[in-house]
Amino acid sequence: MEHAYVNPSSRTDEIDLRELFAGLWAGRLLILAVMLPVALGAAAYAFLASPYYEVRTILRPPVIKDLDELNSSGVYSLDAETALKRVGAALESYTNRLAFFQANQEQFSFLLNSDQTFEQLFDELNREAFTMLRPDPKKNDGLSPYVGISLTYPEGVDGVRLANDFANFAIAAERKKIEDDFVTVVQNKLALVERRIEAERARYLSAKDAQVAKLLEADALERAQLQDELDALRNELRTRRNNRIAQLNEATRIATSLNIRKPTTPNAMGEAAKAAQGNVIRTEVHNQEIPLYFMGTEALEAERDALEKRRSDDFTSPRIAEIQKRLRLLETNRQVEMLKQRKDKDEDLFLNDLDKLIGEAARLRGLKVDFSNLALVKVDQLAVEPIKPVKPKKLLILALGLVLGGMLGVFVALVRGMMRKSAPPTKRLAPLPQLPIQDNTQVAA
1 MEHAYVNPSS RTDEIDLREL FAGLWAGRLL ILAVMLPVAL GAAAYAFLAS PYYEVRTILR
61 PPVIKDLDEL NSSGVYSLDA ETALKRVGAA LESYTNRLAF FQANQEQFSF LLNSDQTFEQ
121 LFDELNREAF TMLRPDPKKN DGLSPYVGIS LTYPEGVDGV RLANDFANFA IAAERKKIED
181 DFVTVVQNKL ALVERRIEAE RARYLSAKDA QVAKLLEADA LERAQLQDEL DALRNELRTR
241 RNNRIAQLNE ATRIATSLNI RKPTTPNAMG EAAKAAQGNV IRTEVHNQEI PLYFMGTEAL
301 EAERDALEKR RSDDFTSPRI AEIQKRLRLL ETNRQVEMLK QRKDKDEDLF LNDLDKLIGE
361 AARLRGLKVD FSNLALVKVD QLAVEPIKPV KPKKLLILAL GLVLGGMLGV FVALVRGMMR
421 KSAPPTKRLA PLPQLPIQDN TQVAA
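The numbers in my numbering rise by one with no breaks, and the one at position 31 of the sequence shown is 31.
No wet-lab data here; the hints were simulated from the structure.
Where a beta carbon is used, it is the ideal one built from N, C-alpha and C, also for glycine.
Be careful, since some hints might not be right.
[Said to hold, decoys possible] Using 30 angstroms as the maximum straight-line C-alpha spacing, the simulated DSBU-like pairs for lysine-lysine come out as follows:
(1) K189 to K208
(2) K343 to K214
(3) K189 to K176
(4) K391 to K214
(5) K208 to K325
(6) K139 to K325
(7) K208 to K356
[As the list claims (entries may be wrong)] Cβ pair distances, simulated, as ranges:
(8) M338 to V185: 40 to 48 angstroms
(9) R161 to L395: 23 to 31 angstroms
(10) S317 to P291: 23 to 31 angstroms
(11) A33 to L395: 21 to 29 angstroms
Taking the hints into account, I'd like the entire structure generated from these sequences.
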């Protein structure tokens with residue numbers, strides 16, 4: 001009888017699936033013994049672990065009328081999308097969450113029994129309990145944007161109240177921030193307007209002082225010029241009078257030498273020796289001035305005496321009267337008096353655009369916005385009591401327990417099988433004459 005030769009090394013390198021499954025079937029009780037405790041542990045955890053619930057609060061942009069009162073103030077503008085983003089930032093703010101945690105510690109009493117510090121408790125709560133809700137930026141479906149907050153909490157905690165209270169807390173905090181910004185902007189604008197008013201007043205006072213100085217300087221200059229003109233004119237009149245006196249003295253000497261006492265003419269002097277018969281009317285026409293001495297010594301001496309006794313020549317020139325009149329008017333500048341008599345309230349009437357600045361200041365002081373009714377967002381979904389917990393997921397835990405327990409049982413059974421195979425031959429092998437290898441050896445021989 002012939003038998004095929006089988007290489008022993010090839011048999012040891014290959015895995016006999018039938019033998020493997022047979023070994024696993026043989027160790028089925030061991031697999032069940034390992035799998036059942038793991039599954040029971042998973043079931044115990046699934047049914048005994050504290051359940052956790054999840055609630056959500058969704059916020060959407062407000063309508064335009066909700067922000068109209070704020071935007072109509074003219075000093076602060078806020079659109080709906082910006083308001084939603086600001087509230088979303090307030091929901092995500094670490095500072096706001098910490099403030100809410102500190103203000104509502106009685107609602108977080110389930111955390112305060114731990115050995116962790118206050119900061120560690122809050123940091124854990126912030127990372128694990130709160131989750132921001134936003135639309136996917138990669139999906140532009142054209143719907144209205146939204147922001148929201150998700151809160152995961154254990155059983156026995158009023159998570160609905162926590163979620164809604166925190167949303168209201170964040171909205172109120174952002175509303176307060178906007179109110180503070182509004183007040184700051186109004187105060188800054190009001191301070192700017194008041195500084196402009198003060199600048200206008202200072203500019204006006206400076207301009208008024210400059211105008212007064214210019215008017216007084218112009219009056220002083222004109223007064224000096226008129227005084228100089230008056231002095232020059234009086235000197236001129238005095239010189240003319242002295243010259244006239246000298247002319248009269250010279251003419252008097254000539255008239256005395258010619259024995260002319262009464263006013264006469266050259267022709268009359270030529271005919272003086274002729275006897276006059278009857279009444280004669282003589283008319284003379286000359287194209288040149290008659291010498292002064294023909295007036296006679298009596299007239300010349302009388303005029304000279306009068307000129308020598310004169311104390312002022314002002315009346316002889318009309319210009320002197322005009323100058324004196326102008327000097328009298330320059331003694332008091334009524335425009336300067338009126339400028340100096342203006343009081344503070346009166347001066348405001350002469351400021352450029354002051355009425356607009358005062359009106360703007362009054363408008364800023366009277367700005368009133370009811371921030372308590374300012375709706376920064378529209379609450380689209382309030383947190384409501386959940387129907388079932390989100391964790392632990394019992395079916396999934398049970399399934400994982402069974403799978404992991406089975407895998408662990410199979411692993412233990414395989415290890416056991418391998419250990420049995422690797423045991424010494426004296427303990428495992430059957431009688432050698434019965435092995436087919438002995439037959440193959442004989443055939444080969």
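Comparing the hints with the structure gives:
1. K189 to K208: Distance of about 28 angstroms is within 30 angstroms: holds.
2. K343 to K214: holds, 20 angstroms
3. K189 to K176: holds, 20 angstroms
4. K391 to K214: Violated: K391 and K214 sit about 91 angstroms apart, past 30 angstroms.
5. K208 to K325: This hinted pair holds, its Cα atoms lying about 28 angstroms apart.
6. K139 to K325: The given pair, whose Cα atoms are some 94 angstroms apart, is violated under the 30 angstroms limit.
7. K208 to K356: This hinted pair holds, its Cα atoms lying about 21 angstroms apart.
8. M338 to V185: 40 to 48 angstroms: Hint holds: Cβ distance 42 angstroms, inside 40 to 48 angstroms.
9. R161 to L395: 23 to 31 angstroms: holds, 30 angstroms
10. S317 to P291: 23 to 31 angstroms: Holds - the Cβ-Cβ distance for S317 and P291, about 27 angstroms, lies within 23 to 31 angstroms.
11. A33 to L395: 21 to 29 angstroms: holds, 24 angstroms
Hints 4, 6 from the list above are not met by this structure, while the remaining hints are.
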